[in-house]
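S.K.: Line by line, the protein sequences are chains A and B. Following this note's numbering, the numbering of the first sequence begins with 12 at its first residue and continues without gaps. Following this note's numbering, the numbering of the second sequence begins with 11 at its first residue and continues without gaps.
Hints should not be assumed to be uniformly reliable.
Label pairs and their computed distance ranges (CB to CB) [as the list claims (entries may be wrong)]:
hint, chain 1, residue 1, chain 2, residue 2, range
1, B, W26, A, P463, 43 to 53 Å
2, B, T199, A, M553, 15 to 25 Å
3, A, M553, B, F141, 49 to 59 Å
4, A, V534, B, I88, 51 to 61 Å
5, A, R436, B, I88, 43 to 53 Å
6, B, V145, A, R551, 30 to 40 Å
7, A, G401, B, V73, 42 to 52 Å
8, A, W205, B, R54, 52 to 62 Å
9, A, G401, B, L27, 41 to 51 Å
10, B, D157, A, V509, 22 to 32 Å
11, A, D310, B, L27, 51 to 61 Å
12, B, D157, A, A467, 56 to 66 Å
13, A, P387, B, Y135, 35 to 45 Å
Coverage of chain A stretches by chain B, computed from C-beta distances (three or more under 8 Å per stretch; other residues unrestricted) [to be verified]:
hint, stretch
14, 367-379
15, 513-527
Hints listed in this document are in silico derivations from the structure and should not be mistaken for laboratory results. In this text, all values refer to a predicted model and were calculated from it rather than measured experimentally. Ideal placement from N, C-alpha and C gives every residue a C-beta, glycine not left out.
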Amino acid sequence: MPTPNNGSAGRNSLTDHLSLSLFLILLILFLPIVVPAAPAALSDEAQTCLTCHGSPGMKAFGDKTTVSVQVDGGKFAASVHGSLGCTSCHADVKLDNHPSAQYATKREFVLHVAKACRACHTDSQLKASPLHQRAISRPDAQPCSSCHGSHAIMKASVRKGKGSATQYCLTCHSKPITRSIDGKTISLTIDEAWVKGSVHRNHECTDCHTAYSRENHPAPKDYTSGRQLSHAASETCERCHLEKAVKEKESIHAIMLANGDQRAPGCSDCHGAHQVGPGALADTLDGVPCRKCHQDMYDAYRTSVHGMAKHSDTTAHVPLCAACHTAHNVKPAMASRSPRDMCLACHLSYETDHRQRLPNPKAHLEMVACTACHVPLEYKRSIYLRLTDGATGKLLDDAEMLTQLKARGVTAKQIAPKELWQLYRDLNATRAVNVEVAVSMDDRRNAHYLAPKNIAVKQCEACHSADSSFFKTAAVATAGPDGRELLHDVDPKVLGSVYGAILLKQFYVMSGTRLTAMDYAGVMIILGGIAVPVLHGAARLMTRRLRTGGRKAEGRRKP
Amino acid sequence: MNRIYLHPLPVRIWHWLNAICFFVLIVTGAQIRYRGLVDLMSFRTAVNFHNMTGFTLIGLFFVWFAYYAASGKLKVYIPDLNIMRYIQNSLKQARYYGYGLFLGEPNPHHATPDHKFNPMQQLAYFSIMFFLMPVLIATGILLWDLDRFASVIDLLGGIKAVSAAHLLVTIFFTAFLFVHVYLTTLGSTPLEHIKAMFTGYEEEPEGH
Numbered sequence: 012m013p014t015p016n017n018g019s020a021g022r023n024s025l026t027d028h029l030s031l032s033l034f035l036i037l038l039i040l041f042l043p044i045v046v047p048a049a050p051a052a053l054s055d056e057a058q059t060c061l062t063c064h065g066s067p068g069m070k071a072f073g074d075k076t077t078v079s080v081q082v083d084g085g086k087f088a089a090s091v092h093g094s095l096g097c098t099s100c101h102a103d104v105k106l107d108n109h110p111s112a113q114y115a116t117k118r119e120f121v122l123h124v125a126k127a128c129r130a131c132h133t134d135s136q137l138k139a140s141p142l143h144q145r146a147i148s149r150p151d152a153q154p155c156s157s158c159h160g161s162h163a164i165m166k167a168s169v170r171k172g173k174g175s176a177t178q179y180c181l182t183c184h185s186k187p188i189t190r191s192i193d194g195k196t197i198s199l200t201i202d203e204a205w206v207k208g209s210v211h212r213n214h215e216c217t218d219c220h221t222a223y224s225r226e227n228h229p230a231p232k233d234y235t236s237g238r239q240l241s242h243a244a245s246e247t248c249e250r251c252h253l254e255k256a257v258k259e260k261e262s263i264h265a266i267m268l269a270n271g272d273q274r275a276p277g278c279s280d281c282h283g284a285h286q287v288g289p290g291a292l293a294d295t296l297d298g299v300p301c302r303k304c305h306q307d308m309y310d311a312y313r314t315s316v317h318g319m320a321k322h323s324d325t326t327a328h329v330p331l332c333a334a335c336h337t338a339h340n341v342k343p344a345m346a347s348r349s350p351r352d353m354c355l356a357c358h359l360s361y362e363t364d365h366r367q368r369l370p371n372p373k374a375h376l377e378m379v380a381c382t383a384c385h386v387p388l389e390y391k392r393s394i395y396l397r398l399t400d401g402a403t404g405k406l407l408d409d410a411e412m413l414t415q416l417k418a419r420g421v422t423a424k425q426i427a428p429k430e431l432w433q434l435y436r437d438l439n440a441t442r443a444v445n446v447e448v449a450v451s452m453d454d455r456r457n458a459h460y461l462a463p464k465n466i467a468v469k470q471c472e473a474c475h476s477a478d479s480s481f482f483k484t485a486a487v488a489t490a491g492p493d494g495r496e497l498l499h500d501v502d503p504k505v506l507g508s509v510y511g512a513i514l515l516k517q518f519y520v521m522s523g524t525r526l527t528a529m530d531y532a533g534v535m536i537i538l539g540g541i542a543v544p545v546l547h548g549a550a551r552l553m554t555r556r557l558r559t560g561g562r563k564a565e566g567r568r569k570p
Numbered sequence: 011m012n013r014i015y016l017h018p019l020p021v022r023i024w025h026w027l028n029a030i031c032f033f034v035l036i037v038t039g040a041q042i043r044y045r046g047l048v049d050l051m052s053f054r055t056a057v058n059f060h061n062m063t064g065f066t067l068i069g070l071f072f073v074w075f076a077y078y079a080a081s082g083k084l085k086v087y088i089p090d091l092n093i094m095r096y097i098q099n100s101l102k103q104a105r106y107y108g109y110g111l112f113l114g115e116p117n118p119h120h121a122t123p124d125h126k127f128n129p130m131q132q133l134a135y136f137s138i139m140f141f142l143m144p145v146l147i148a149t150g151i152l153l154w155d156l157d158r159f160a161s162v163i164d165l166l167g168g169i170k171a172v173s174a175a176h177l178l179v180t181i182f183f184t185a186f187l188f189v190h191v192y193l194t195t196l197g198s199t200p201l202e203h204i205k206a207m208f209t210g211y212e213e214e215p216e217g218h
């Protein structure tokens, strides 16, 4: 009995066909995603070369450097040049002729091979890219392979799409690439570990180098010096660290720069460029950036009471450079100004501490710099006469003082007491000008040798003595055009002269700066006092006969 | 010889303590001003002694003033208010010192407890006790604590001016000291006046 052909069986067959068709369509659509594309087939020539070069092997150069001659066939096949034969680039090597070329160095070999790149990638093509244009125009240009690699060269579009922006930059900048500024070679190589270890570890290169991106690599700006480059880089920092930048603009470093002194540090000179450490690093003996330029002062500080304390206990609250000089708005250091305010900011009980040994601590601290007593006596002291504006308290402009001196015809290197007095009068003719006196270090650098208490000067005689070495030199302090202190020698006799008595009303060091005219007057008056008994007594002696004779006569007259 | 009780015990004690103080102050003052040229003691020791002795002198000054004011004898220091008479008496005294004394003429002034000083002495001691001593004491106190009296010192023209005033008075006292000691030899015998300052009694020839 035949099986009945029912409609249900026919519908099932149709559904099966449709399902199969849909599966095949989906398979065709998604196959490229599920199954990676097979690398381009290696050329016969490449396959032949890889017979040997697919295995490990090294080539040595004359300078003992080596290069691996092994090529990863898979990576090469996947590279942009995967379809090319090896001799397309290594033109001097043939299947029937494999010369063993000798190169003095690895670089010589790499540069030789790089010439092959230029056979296809012509100058006109490279010049279209600012980066390449600059690279090919330099005699010391890096070979192509230093950025692009040798056998696994990827298409630009593939390479740009991979990894972070930083990784993209490091493609080239992890290689030993340099640029030349004013004849000096500057490395452009970045160690990824530097950035990873810095406080900017979470930033991409392009956060700072905003002009650069995967798509855009403009030709670097031309700088006349590495210093100019450093200062230009500071503008990058300002975008995030504006507050610090504003402070820095008031600093002596900014003034130096404004006056064209490129030695002034920029942000990266203190903080580093790609290895920016935490702020606390600057408060350590090893990490303090000031020593890069001020090594002599650092060495002095290192032997000071603060330096020794810092060394023995790195966690102790001990002042380092910035504690006194501040970190960003670094003010000009002045020999004529006592660091008193900075010292007393920490040494709060100074008045009690000093009263035990030093009478009148306020009067002393008013004019005697802390350093004058707290630096060992082997470092010379000097007297500074600060000419200050009565209204602002700031140092007088040096030019103003020089104009007045010139008008008086003063040209000598050392200003005489009378000339100083005349200068004071001339200056005060138009405005209030004060003379502030300070006993301080002769060389401001020596102020960093602050000694422990037991070495501090405790003998009053260091100052209070006619032969004190503190008063052998004196100088007038004024402000230069950049705000820095300028010093002009003054005859130290002014301290004990009548002119000094008028000018320096508040400055009197007993024994040290006494008014010598008073000595002469005193001697004359006392000699006058002695003269009375001497002369009167002599007269009495000479006239003694008159008196005794009289008495004798009287006696004779008596009965 | 007449014996006059011229110097009561408190006056004698005051006088000699005063003399010791002046001696110490002059020596330590010289040391303070001329350290390096005069090196008798350390600067700090000199300052400490000078301050201590200075305050003793100030105390003695007030003892002197209180004693003389209480005993009503302060007037011995006050010169005659009759100017013409004062000038005449002063000229007589000056003539004696400069001329009569050499000829053996009697001293025109006869010291009594209520009229102790001759017109010239009156002027000198009045100036010393009522003008120079206060200046010396005031400037000394100012120089003793520069911090405390900074504003006053400033008002007086600065530390150099105050110091100069202190020094000038000291110089005058030092010079006067030679004259003062010499004048003690002008008694009836060369040591008579000095002896009187120990015993209190001044002896003078009959008829004086």
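S.K.: If a hint holds in the structure, say so; if it does not, say that too.
M.R.: Status of each hint after checking the structure:
no.	hint	result
1	W26(B) <-> P463(A): 43 to 53 Å	holds (49 Å)
2	T199(B) <-> M553(A): 15 to 25 Å	holds (20 Å)
3	M553(A) <-> F141(B): 49 to 59 Å	violated (36 Å)
4	V534(A) <-> I88(B): 51 to 61 Å	violated (34 Å)
5	R436(A) <-> I88(B): 43 to 53 Å	holds (46 Å)
6	V145(B) <-> R551(A): 30 to 40 Å	holds (33 Å)
7	G401(A) <-> V73(B): 42 to 52 Å	holds (47 Å)
8	W205(A) <-> R54(B): 52 to 62 Å	holds (59 Å)
9	G401(A) <-> L27(B): 41 to 51 Å	holds (49 Å)
10	D157(B) <-> V509(A): 22 to 32 Å	holds (27 Å)
11	D310(A) <-> L27(B): 51 to 61 Å	holds (59 Å)
12	D157(B) <-> A467(A): 56 to 66 Å	violated (20 Å)
13	P387(A) <-> Y135(B): 35 to 45 Å	violated (53 Å)
14	367-379	holds (count 5)
15	513-527	holds (count 9)
Consistency with the previously given hints fails for numbers 3, 4, 12 and 13, ordered from lowest to highest.
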